[in-house]
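Residue strings, one per chain:
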Amino acid sequence: GDSVTQMEGPVTLSEEAFLTINCTYTATGYPSLFWYVQYPGEGLQLLLKATKADDKGSNKGFEATYRKETTSFHLEKGSVQVSDSAVYFCALHTGGFKTIFGAGTRLFVKA
Amino acid sequence: KAGVTQTPRYLIKTRGQQVTLSCSPISGHRSVSWYQQTPGQGLQFLFEYFSETQRNKGNFPGRFSGRQFSNSRSEMNVSTLELGDSALYLCASSLDPREQFFGPGTRLTVL
Chain A
1 GDSVTQMEGP
11 VTLSEEAFLT
21 INCTYTATGY
31 PSLFWYVQYP
41 GEGLQLLLKA
51 TKADDKGSNK
61 GFEATYRKET
71 TSFHLEKGSV
81 QVSDSAVYFC
91 ALHTGGFKTI
101 FGAGTRLFVK
111 A
Chain B
112 KAGVTQTPRY
122 LIKTRGQQVT
132 LSCSPISGHR
142 SVSWYQQTPG
152 QGLQFLFEYF
162 SETQRNKGNF
172 PGRFSGRQFS
182 NSRSEMNVST
192 LELGDSALYL
202 CASSLDPREQ
212 FFGPGTRLTV
222 L
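In the order they appear, the protein sequences are chains A and B. Residue 80 in this note's numbering sits at position 80 of the first sequence, and the numbers go up by one each step. All you need for this note's numbering is the position in the second sequence, starting with 1, plus 111.
Hints are not guaranteed to be accurate.
Some chain A residues near chain B, calculated using beta-carbon distances under 10 Å [unchecked claim]:
1. Glu42
2. Thr71
3. Gly78
4. Gly95
5. Phe101
6. Gly102
Everything labelled a hint here was simulated from the structure, so no lab data went into it. Heads up, the beta-carbon is just placed ideally off N, CA and C, and yes, glycines get one too.
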């Protein structure tokens, strides 16, 4: 069945460091891919998305490129801030009526 | 535009009781999905409703049920509560089935 695998956390970085959170997927068909972010005490918010191969989603300095050949959608940011501390979820949607989420990766950014 | 609202935000129940959680989607959104979030299992899909019809269901026992009203508001019900039902219950609404907007969640504690 369809699935999403994310790197385990927590990931701890210093402010202004480069961030990569790996995400790979297994899916039949041509899924849309998403990154959601969850701040403490809140629900999930859509961070960025890509709907077809080679698309790059970007928002708030975060980027991810839909790589069909490697079935990956890694999240990157060039310079993280303390305010980026949160849990990040990779997700896919294949056209059925549900979205499949990865386990989430917790990010801590130290000042 | 108002976001997704969930009530109540916090709930404490005892084993064997039942509980009803409510979700009001963003105006115009006809799809509502429910998820259970726990530290051990991550985000687990419960069910999805569109125009009062359940279109998809996750792998949860029959104690978990839901419904959607003609105004798209949705409720989920858990009967005969167990300790393991303690979780954050998230509701998400969508216009485009791929992109979901989440509420802040209802934190259920079962004692």
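Going by Cβ atoms only, is Gly95 of chain A closer than 10 Å to chain B? holds (8 Å)
Is the hint on Phe101 of chain A kept, meaning its closest Cβ partner in chain B is under 10 Å away? holds (4 Å)
Proposed interface contact between Gly78 of chain A and chain B, which counts if any beta carbon pair is under 10 Å: violated (25 Å)
Hint status (Cβ of Glu42 of chain A to nearest Cβ of chain B, threshold 10 Å): Holds, because the Cβ-Cβ distance from Glu42 of chain A to chain B comes to roughly 6 Å (cut-off 10 Å).
Would the hint on Gly102 of chain A be counted as holding, given a Cβ-Cβ threshold of 10 Å to chain B? holds (8 Å)
Would the hint on Thr71 of chain A stand, with a C-beta cut-off of 10 Å toward chain B? Violated - the Cβ of Thr71 of chain A stays beyond 10 Å from chain B, reaching only about 18 Å at its closest.
Of the numbered hints stated above, those contradicted by the structure are hints 2, 3, listed in ascending order.
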